[in-house]
Every structure is written in C-alpha cells, then in structure tokens.
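K.L.:
With chain Z's structure known, arrange chain A on it following the hints.
Number of protein chains: 2
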Amino acid sequence: MKIGFIGLGNLGTPIAENIIEKGNQLFVYNRTASKTKALTDKGATAIATVKELTTTCDVIITMVSDDKALKSISEGPDGLIQNMQKGAVHISMSTILPLTAEELSKQHTDNGSHYLASPVFGRPEAARARKLNFVVSGEATLRQRFEQLLKDAGGAGVWDFGDAITAANTIKLCGNFMIAAALEAIGESVAMASKSNIDTQKMWSFFSQTIFNSPIYNNYGNIIVNQQFTPAAFSMQLGLKDVNLVLSQAQHVQQNMPLASLLQQHMQQLIEKKPGLDWSAVALAADL
Amino acid sequence: MKIGFIGLGNLGTPIAENIIEKGNQLFVYNRTASKTKALTDKGATAIATVKELTTTCDVIITMVSDDKALKSISEGPDGLIQNMQKGAVHISMSTILPLTAEELSKQHTDNGSHYLASPVFGRPEAARARKLNFVVSGEATLRQRFEQLLKDAGGAGVWDFGDAITAANTIKLCGNFMIAAALEAIGESVAMASKSNIDTQKMWSFFSQTIFNSPIYNNYGNIIVNQQFTPAAFSMQLGLKDVNLVLSQAQHVQQNMPLASLLQQHMQQLIEKKPGLDWSAVALAADL
Chain Z
1 MKIGFIGLGN LGTPIAENII EKGNQLFVYN RTASKTKALT DKGATAIATV
51 KELTTTCDVI ITMVSDDKAL KSISEGPDGL IQNMQKGAVH ISMSTILPLT
101 AEELSKQHTD NGSHYLASPV FGRPEAARAR KLNFVVSGEA TLRQRFEQLL
151 KDAGGAGVWD FGDAITAANT IKLCGNFMIA AALEAIGESV AMASKSNIDT
201 QKMWSFFSQT IFNSPIYNNY GNIIVNQQFT PAAFSMQLGL KDVNLVLSQA
251 QHVQQNMPLA SLLQQHMQQL IEKKPGLDWS AVALAADL
Chain A
1 MKIGFIGLGN LGTPIAENII EKGNQLFVYN RTASKTKALT DKGATAIATV
51 KELTTTCDVI ITMVSDDKAL KSISEGPDGL IQNMQKGAVH ISMSTILPLT
101 AEELSKQHTD NGSHYLASPV FGRPEAARAR KLNFVVSGEA TLRQRFEQLL
151 KDAGGAGVWD FGDAITAANT IKLCGNFMIA AALEAIGESV AMASKSNIDT
201 QKMWSFFSQT IFNSPIYNNY GNIIVNQQFT PAAFSMQLGL KDVNLVLSQA
251 QHVQQNMPLA SLLQQHMQQL IEKKPGLDWS AVALAADL
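Listed in order, the protein sequences are those of chains Z and A. Our numbering puts the first residue of the first sequence at 1, with every later residue one more than the last. Our numbering puts the first residue of the second sequence at 1, with every later residue one more than the last.
Just chain Z, same shape as in the assembly (with noise of 0.2 Å):
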C-alpha cells in the first residue's frame, strides 16, 4: 500500500508521523512545501504536485482546514478526482458540511475510486499520544479495510457510523458543537466565580474529579481557569469556521440551534477585537 497524505498543519503533520512510525511507506504533499522536511527527515518522500501524488498512490488522506481546501484539492484537471487511479481511495479527515462529503464521494465513483469519511477528534497532543478518535462513515468494505490504517495514523479508537457518507461529519459537527458549547459554560462559571472571590483552581478540580470528569473538561476547564489563551493550539478562525458548519447543516435540515448561534456571535466578536486566541476563550466576548 502506497499512501499519499495531503495537508501537513498541526494535527496533520504528527498523524502522518504515527503513520510513518508504523512502518508505512508515506507521499507527502503540502501546499506550503517547506512543511515537508519535518516527514522526510522521518523517511517520508515528498511529491511536489497533488496530481503527481495521484500517480504513485492507491490511498491518499486528506487533512486540509476546510470545505473550500478540500474541494480545491480535490476537483478540477489536476484535482484527486480526475486523476486517482481506478480503485483507489481518497480518505478525508477534514471537518466539513456532511453535504460536501456527499458531493465529494459522488464524483470519485463517477471516476472509478473510492471516498471514506473519516473526521477525527483530537488535538495536536492527543494526536502524537497516540489518543485520537476516528468517526468513518461509507462504504463497509471500505471501513473494515481501513480500519488498522487509521489506528496506526494515532487512532485509539475507530468508531464505525455505517453506510452513509454523511453520517461521520455530522457526528463531527455535533462534537465540535458541544465541545464550544462547554468552553462558553466554563468560561461564563469561572468568571463569574472568580469575581464571587472562589479559588477557581480549587473549583476546577472539584468539577474535575467529579460530575465533568471528562478529557473535554479536564483540558479546557485547565486552560480556562489559567487563561492559557495563547499560543492558539485550535484558533478562534478554526472554532467559528466549525461553528459555521454546524449552523449550515442545522438549517439544511430545518433545526433552530440558538446555542450554536450564541457562540458563532461570540467567536465573530472576538476575532474581531482579541485576535489571536484559542478557541476556548469564547466567553471572554461576554464581556466585551
């Protein structure tokens, strides 16, 4: 298996590292070539096109930041979909509109290969501890197949969302909504605490060792509590752009999300006046 891997940012670039460790041979391609060297110097072979790439492998992943990158890479004359090999398949990690993956996945099986879903929750650390979680959703010979691939890519688990090409974004989207959503509630408690004079430290391990006893609580409550918004491990840019995703998909299907549209305000709002930030300090816009 020759696997190409697109998109070497911060959480692409240690998963292609797991990859290679496992003992994979690994294409890269990034549009920024420079973020190559990092792979190669591992034993990675840098491909200077993405059709180029397309020549030498029969699986390529994607892990680009957006629906527009994605399709970027993706459609048009020296896109993956025109110039895959016949029976080779594309894997996307990317947060994007379940849609996209729906058009996406047409246009490869018009053209002979193959599309799988395979979103993923974890941050840069999570991903070079190896903690990651995979969501797939596709075709079923197709996720079976790929399941070891994934779990060497870091995946601690791969959780198998079925047939639907649609389904493993959506459960992403939802994740990544309820995650914003917990940043939003710590951040409104702790400032709120912090001004009723509580030792929020003291607080957050309470809450951490008790009814939040859970990896999302426990990192972000830490980050929060320390207001360690800077360097941004997951920016504000990133949080709204999911944010976005999740409001598109909600109005595809007709469901009002007031939480949702609660904190897209609260992003916009903050990227607007404290640039720069990690996502997790949504509340902050409380009080601006």
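Just so you know, not all the hints are guaranteed correct.
No copy labels: a pair is met if it fits in one copy or bridges any two.
[Claimed, not checked] Here are the simulated DSS-like cross-link-like pairs (lysine-lysine), alpha carbons at most 25 Å apart as the crow flies:
| id | residue 1 | residue 2 |
| --- | --- | --- |
| 1 | Lys-2 | Lys-35 |
| 2 | Lys-151 | Lys-202 |
| 3 | Lys-274 | Lys-241 |
| 4 | Lys-241 | Lys-71 |
| 5 | Lys-106 | Lys-195 |
| 6 | Lys-241 | Lys-68 |
| 7 | Lys-35 | Lys-131 |
Just so you know, the hints here were simulated from the structure itself, not pulled from any lab data.
P.N.:
Okay, now just chain A, sitting in the frame of chain Z:
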C-alpha cells in the same frame, strides 16, 4: 449526637435514610407530615414542629426547595435561629443564593448557634447509591466535625471550600449552570443529528465513551436520546429556580452570563408551553 432533618423531598428522603442506616439517631420534620412515614418506618422519630425539633436536636440538617422555604423555617419566633440551643449547628444542604447563606449564618452567630453551608450534587438515584458530592464552606472546626456525617448521608466525596460561607453555594450554582448548559448542547445536537438521519443511540454511545465520558453526559445523554422527560426527577421549575439564582449571583458580581440568560428564557418557555417535564428537556424550546 441528636440529628434533626427538615425537608423530606425527592432528594431529602434518601439522604435521611442514609443517615439512619449508618446508625445515627434521627428526628424528622416535614411540612407535609405524611412524608415522615418512610423515615419513621426505618427508626426515625417524627417531630411535629420546627421549634420542637430545636429543643431535641443539637444538629439540624435542612434540605428544602428554595431560599424562601429555608428562610421561613429559619427566621421568625418559631424558626431555627431564635430557638436553636447555644452551640447547636444548622447544616444547610439546599441550593440557595450565596447571599442567603451569608445572611442566615450571621443571624445564627448573633444567636449563639452555627451555620454550615453544605449543598450537594447528585440526583435521588445517586443518593441511594451513596454517590453524592457535598461541597462545604464555613467555620473550619465545623467542616472537620461534620465530614463523617456527610459521608454517612451518602457523600462519596466531601469537598472543602474553606472559611467563606458563600463559597459552597457559589460552586453549587456554577455546577448546576454547567449541567443545564450541557443539557441544552446535548439537546440541540441530538435534535440536529436525528433530523440528519443519524442513529443517535450509537452517536451517544460514542460520545459517552470518549470525549464526554463523564457522569453528567452519560446519564443525561441517554435521557435526552430516549426523550425520557417524564416523570421529572428534577423538574424544569427547579432548574429555572437554579438558573435564576445563577443570574442573581452574576448580577451581584457584575458578570454577564449570556448562556445562562438563554437557558432562563428556554426554561420559562417550556414551563409555559410543555409543563411537567424534567429539566433535561430544555433544548425542546428551540423548536417551540
């Protein structure tokens, strides 16, 4: 130690039962006298008035529904404060305003008795399983002296928040606000996922085993996915009461809490248009 107990509601009853089961001598009072029967069957002694309880007991636990109920049994010529023995202790488990705790504590001190703030996290089933978490604040000697009694009452954890009498109730309000926020977030997610043809049981199985693996998300996620909003183990009215307290405290310390305001609005709408539901139904307001 002769222990009095006032407030045999959904949560007060199993807590009082726990105390008896650990071999403590318990005297019980309830406004609706018939509710004492479950306790007298187990060996408690029913007492007819609050005033009479103060002559019998040197420790009196209260677990009543709100600030007003607590003040009505505490203040006035027949209340706890004017009648409790010198050196006797009032252990207050209700979810109330930090300012109310401060007021009552001062009045107890002026009358030669003591007040210990000890609100509690956990639903009735957690009380029966002895998995409650008490948060305590007040005089250091009282916090130490009553740790064992709170464990007897079903406390898997007794968490010490120091001298400030207001601290424990502030923590309790932050906790209930974060739970309500999680209910809204889970509710909106499940609604959107369901309309997107996701198997929400499977979705919740995933989230509750991974990034949201905590008691709150486990319990309430299943309630919301299965729409088990009746009978109301914790009613929307009680939820709204707590969110109102959160916003009072926020106003007192001049902190905006826009998410708390959203929850308040949703709970008000639901009480009006879909009465009788558990507070976990909060996100249904998005579709009213």
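K.L.:
Please name the hints from earlier in the document that this structure breaks, with their numbers sorted from lowest to highest.
P.N.:
none
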